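Just so you know, the protein sequences line up as chains U and D, in that order. Here this note's numbering is used: the first residue of the first sequence is 1, the next is one more, and so on. Here this note's numbering is used: the first residue of the second sequence is 1, the next is one more, and so on.
The reader is advised that the hints may include incorrect statements.
[Said to hold, decoys possible] Here are the computed lysine-lysine pairs in the DSS-like style, where the Cα-Cα straight-line distance is at most 30 Å:
1) K43/D to K380/U
2) K112/U to K395/U
3) K110/U to K250/U
4) K391/U to K43/D
5) K61/U to K85/U
6) K395/U to K43/D
7) K2/D to K380/U
In case anyone wonders, no lab produced these hints; they're calculated from the structure. Since the model is a prediction, treat every value here as computed from it, not as a measurement.
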Amino acid sequence: MSLCNLPAHELGKKLRAKEVSSVELTKEFLNRIAEVEPKIGAFVTLCEQAALETAALVDAKIARGETIAPLAGIPGAIKDILCIKGVKTTCSSRILDNFIAPYDATVIAKLKQNDAVFIGKANMDEFAMGSTTETSYFKKTRNPWAPDCTPGGSSGGSAAGVAAGEAAWSLGSDTGGSIRQPAAFTGTVGLKPTYGRVSRYGCVAFASSLDQVGPIARDVTDCALVLNAISGHCEHDSTSYNLAAPDFTKALHPDIKGVKIGVPKEYFGEGLDKAVEEKVRGAIRHLSELGAEIVDVSLPHTEYAVATYYIIAPAEASANLARFDGVKYGYRAPGCRNLIEMTVKTRTQGFGNEVKRRIMLGTYVLSSGYYDAYYNKAMKVRTLIIEDFKKVFGKVDVLACPTAPTTALPLGAMLDPLSIYMLDVYTIPVNMAGLPGISIPCGFSGGKPVGLQLIGRALDEMSVLRAAYTYEQSAGFHKMAAPIGGASA
Amino acid sequence: MKVSAQEVQYIARLARLEIPEENLELFVRQFNDILGYAGMLGKLDTENVEPTAQVLPYGNVMREDVAGTPLTQEEALANAPERFRGGYLVARVMEGGGA
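Please take these sequences and the hints and turn them into a complete structure.
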């Protein structure tokens, strides 16, 4: 098996055993990128030189007999919403096409302390608005399991890059499911941590009360390793939890006896693909056979979550994206006669249609005549959604359900925004309540991966990781590599 | 409640955007589809429900008023589309005024 198809923790063992050097490993991944990137399109920027320089530093540390961090010397892909000092950060938007970040995001600074290798910036939906990575200004990313299909979104490049063996691990961001849904579509493992667990400083803001950075990886162990590296309080982000993070690898033992797993009936209703339902129910039975106690539960306000999200997220986005005015950075429309014309033309030419749609929705629902009818109402329904989870987590430890209602859809299949929004129907409530959630592969339908979502209490990533690890080790789907080029699974 | 093309253009102006005439009809339809869907929230009685703006149990987060190390002027201006004498250069604020 190619080194590019191994998880980061196994590559780390090989580095420490001196079976391979970090420079060799990085070159191996760069070769894989050269080979498959024309078919996949996972990256918008490659960082070959910086990656090789970091790799050489790690090799020197190993040669000196120094202890290296778990992710040291192992190439990862960074969603292009996160700032790396001196590297282009575009959010896959024309308006940031020429923006070079002058500072590191906190997660990047932490990963640099761990000597992680950044191999490139991953493609995404423009400003993380989308569920297919088709709203990127630059390119469409293809699904390594089915090249005619979307990898999901908005962290589609991060997920496809890992699935195609172009990176051993990656970072994504999840506002309404943008880590978990592409993980489900690409057969990878994607973890959205509890809101506040990971700093958002240096992550270009979309909807600030919902955004959360997290890992996409080949297996649960790698997710725990990346989470260990990036979590913790940050003085630059006042919404980051001011408490010490546990060692998440301590959750990695295959034991789920006595754990109560709730199955919310509302996540198995209309709109759920039959084959996806069959695989997810099979995974829940598997968890039961492994010793978990399965409990039927109800989250009655689930049906309102998407509508709530599409008021709150655009409202916050309209405020966050007001900063893109062509004054301080980014694209500026040429030949404008005055400041207002400059701002309007810059934003009109710089933003794509989905971003414009959401900015305008946000502007509308926050306007004085409609604030109560839409935004205030949505914030109240958000409370009801949170209360649903609180009640259920009084009875169970973890929830199990589908990550997405379908497998990956063909590129260009969904032209209607509302239909695309429904792809996130099972992930959005988790962001509304700020809870941790993971997607792990639980089988295939028509050669395309199906994702099982596990949701936990706030700050209880340990239970989520434990359940995910137990299932993964027993089921073994994480060991399957995508047949780049379109062969069936 | 339907939003008209005129209202969509008005919202676009508030958001400092322009919707070209050829895209307007599609934009208005999609806008109304989404708002129509969001209208389902009206079915819920939320009279006595407190709104949630963010999930954290924090109020204000305070720190000592100690100056940190900011970006240098050069770093801050490095991404400026146009610059002039150590500042950002923009189009004139009012038409007809001086340079």
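Consistency of the hints with the structure:
1. K43/D to K380/U: holds (13 Å)
2. K112/U to K395/U: Violated: K112/U and K395/U sit about 41 Å apart, past 30 Å.
3. K110/U to K250/U: Satisfied, since the Cα-Cα distance of roughly 20 Å is no more than 30 Å.
4. K391/U to K43/D: Between K391/U and K43/D the Cα gap is close to 22 Å, so the pair holds against 30 Å.
5. K61/U to K85/U: holds (23 Å)
6. K395/U to K43/D: Status holds; Cα separation ~28 Å.
7. K2/D to K380/U: Answer holds: K2/D to K380/U is near 23 Å, not above 30 Å.
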